[in-house]
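Visitor: Chain A is already provided as a structure; the job is to place chains B, C and D on it using the hints.
Residue numbers (the working numbering), protein chains in the order written: chain A, 3 to 118; chain B, 3 to 118; chain C, 3 to 118; chain D, 3 to 118.
Watch out, some of these pointers could steer you wrong.
For identical chains, the list gives no copy identity; a pair is met inside one copy or between any two copies.
Cross-link-like lysine to aspartate or glutamate pairs, in silico, DMTMM-like; alpha carbons within 25 angstroms at most [as the list claims (entries may be wrong)]:
#1 Lys105 x Glu65
#2 Lys99 x Asp5
#3 Lys105 x Asp5
#4 Lys39 x Glu81
#5 Lys99 x Glu38
#6 Lys99 x Glu111
#7 Lys99 x Glu81
#8 Lys105 x Glu42
Derived by calculation from the structure, the hints in this document are not laboratory data.
Protein chains: 4
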Amino acid sequence: MNDREQAVFEAGIKLGALYHQWVGTPISRDSAASVEKAIERAVILQPFVEEITVRLDRGLMTENRFGYSELSGMMYDVEIITRVGFTYCRAQLSPEKGYPLMKIVECHEIEALPGH
Amino acid sequence: MNDREQAVFEAGIKLGALYHQWVGTPISRDSAASVEKAIERAVILQPFVEEITVRLDRGLMTENRFGYSELSGMMYDVEIITRVGFTYCRAQLSPEKGYPLMKIVECHEIEALPGH
Amino acid sequence: MNDREQAVFEAGIKLGALYHQWVGTPISRDSAASVEKAIERAVILQPFVEEITVRLDRGLMTENRFGYSELSGMMYDVEIITRVGFTYCRAQLSPEKGYPLMKIVECHEIEALPGH
Amino acid sequence: MNDREQAVFEAGIKLGALYHQWVGTPISRDSAASVEKAIERAVILQPFVEEITVRLDRGLMTENRFGYSELSGMMYDVEIITRVGFTYCRAQLSPEKGYPLMKIVECHEIEALPGH
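Chain A extracted, bound-state conformation (with noise of 0.2 angstroms):
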């Protein structure tokens, strides 16, 4: 497997990892932003993983009777960047016709500096 490879495969792992460990977490408009952050903490600690940003859509965060939601699925809109070598790929997790879908969007090769 080339570098290339591997950084897809790590940016899978890491979507799939973060969208089964915290879906159905109660959640508020108001508390939204410390789950975001949390997910973000937690998910740059994971090997290869260069940048992530968790944005969760307070718009689909109705009100149970009690006052609050739960974070589901079509909530989630992440993006990644993973590294392995000098290949860096960008990966995205969000709603698409009603699925929260997971997709590369691009990988590129950043060329080794002279005498590396």
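Guide: The following block gives chains B, C and D in isolation, referenced to the frame of chain A:
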């Protein structure tokens, strides 16, 4: 079921829920505070919760070969206060003899004010 | 805390735990039975659980564009019986007015046999 | 992204997802088979999955003082085959030097039959 019993029941629900929602989260000493806060913010949303304090044991966060750890049951040190009517119950989740034990610490009733 | 209160507490723990452990699981009408069984087998292991029955509402398992669904809180129909000493409590998790409600149905004490 | 890269991505998603969906499940040697089966049944539902085999290491299921254990990352021994177009990728999740490692084992393309 009287208020005291329901307050006890609600405390059990919340402790069982938070344990299984967050166990397995990638974590480190640096990110632990953000996870503690996210758990507290999530639990306080739920019905009958008056107070919640979450401490995660940094001492157990030994680094794997990629430099992070994973939230395990033995790391939890949680205290929750639930209230139903005029009855408050205090419960805990914390390690006891190698097991992450959940227990009720005490319940008490507040006297309703005259006129209520 | 008396036996009845502890039985109530234990029922709450187990319902909160199972809800958050399995919510989000990919599921279909065909696979639902295997998830029900796995949940039952997991819950019965835990202390103070006498019986557990899990039914997942196939009617809510509408297919996404890839042909499957995801276990959501409203799908749960669970009944659990906990026992502490000679006291049994029966609790349920099931939809009520659009919310996956957990509640104690009844508790009762069995008389100890003479000589015990 | 070509078929091979997408097959790699999809394998990553599924391994990351299953790890975090089930970690923390109460488990014992007796109940392990039901959890293995439920995981397999859940993963096979997801898009691009051709085959999935889940084995959970009974040797690590040491009993806590209540007689059961909890599914941990090191217990997983999983092999998955994803397919996109005519490309198949085989990936694994299994312990390696004290870490539950996910890796691609191999990918290969099947030649399309003449007339297809």
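Visitor: Taking the numbered hints from earlier one at a time, note which ones the structure violates and give those numbers from smallest to largest.
Guide: Hint check: 6 fails alone, others pass.
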